[in-house]
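*Asks:* Model the full structure from these sequences, guided by the hints.
Quick note: the sequence shown uses my numbering, first residue 1, plus one each step.
A hint or two may mislead.
[Unchecked claim] Restraint ranges, calculated between C-beta atoms of paired labels, are given here:
id : residue 1 : residue 2 : range
1  : W105      : I196      : 12 to 22 Å
2  : F95       : K70       : 43 to 53 Å
3  : Q5        : M71       : 26 to 36 Å
4  : D91       : E8        : 54 to 64 Å
5  : K110      : Y88       : 21 to 31 Å
6  : K79       : S19       : 23 to 33 Å
7  : Y88       : S19       : 40 to 50 Å
By construction, these hints were calculated from the structure, which means they are not laboratory data.
Predicted model, so just to flag it, every value in this text is computed and none were measured.
Even for Gly, the Cβ is constructed at its ideal location relative to N, Cα and C.
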Amino acid sequence: MYTKQTKEKARKLREQGVSYNKLQRMLDIPKSTLSSWFSESLGMPFDRKTLLKHLANIRILSAKVKRKNKMDELEKIQKKADEEILSYPLDLVSFQKSLISMLYWAEGAKHEKVSGLIFVNTDPKLLELFISLLRNCYELDEKKFRVRLHLHYYHPIKETRQFWSKLLEIPESQFTKTLIKRRSLKKRFRKNFHGICILSYLSSSIRKEILALGYAIHNQIKPS
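*Replies:* Below, the structure is given as C-alpha cells:
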C-alpha cells in the first residue's frame, strides 16, 4: 500500500508534466498503479473531448517544465562562467589585445585592399565589447571613427541612430548615410533588432597589427 503523501506527490509531479516513465523511476511505483491513480482522479471513463483537453494541459505543463529546466541550466552555466572569468588576466593590455584579434579575425574586414579597420555585426554587446577593448589598448583619435547602419523598412531611423550613438559613444555627426533595405510588409522580424552596424576606424596600421596578433596566436596554439 502507498501512503496519501506518496499519491499526492505523484499527482503533483504528473500535473507538472512529469512522464509515467520518470515517475516510475523516481517513486518506484509500477505504471499500472500510476495509471489507476490518475484515471480515478480524472474520472473514468474518458470521453474524447475530456481526454483531448487533459492531453493539451499535460503538454502545456510539460512545456513549462522544459522551459524552467532550460532556464535553470543557463543560469548554472552563467554562474560558472562568472566565477571562472575572475581568474582571467582581464586587466592586462596584452590579454585584451588577444581578445580584439580574435573578434576582428571573426567579424572584421581582412582583405588587403580594405582601407582602415572595419568591424561589422548586429549584436550590440559584441560591438560594445570590441570598441571598449579598442579604446583600452590603443591611443585613438575619436574623430576617426565612422558608423554606417544597414536597416530594414521597419526600423525607426532616428531612434536606431541614437541607440548606436549612445552605445558606442560616437556622435551622430560621424555617422554616414544610413542604408534602408526594403522588405515585404508581410514578413515578420524579431523585436529589439537594431540593424547591421558597420564600425570603421581610419587606421590601416591598427588593423594590420590586430590581424598579425591573431595569426601569431594561431601559430602558437595550433597543433604541431
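*Asks:* Now look at each hint and say whether the structure bears it out.
*Replies:* Hints and how they fare:
| no. | hint | verdict |
| --- | --- | --- |
| 1 | W105 <-> I196: 12 to 22 Å | holds (19 Å) |
| 2 | F95 <-> K70: 43 to 53 Å | violated (32 Å) |
| 3 | Q5 <-> M71: 26 to 36 Å | holds (29 Å) |
| 4 | D91 <-> E8: 54 to 64 Å | holds (55 Å) |
| 5 | K110 <-> Y88: 21 to 31 Å | holds (26 Å) |
| 6 | K79 <-> S19: 23 to 33 Å | holds (28 Å) |
| 7 | Y88 <-> S19: 40 to 50 Å | holds (42 Å) |
Violation of the numbered hints given earlier is confined to hint 2; every other hint is satisfied by the structure.
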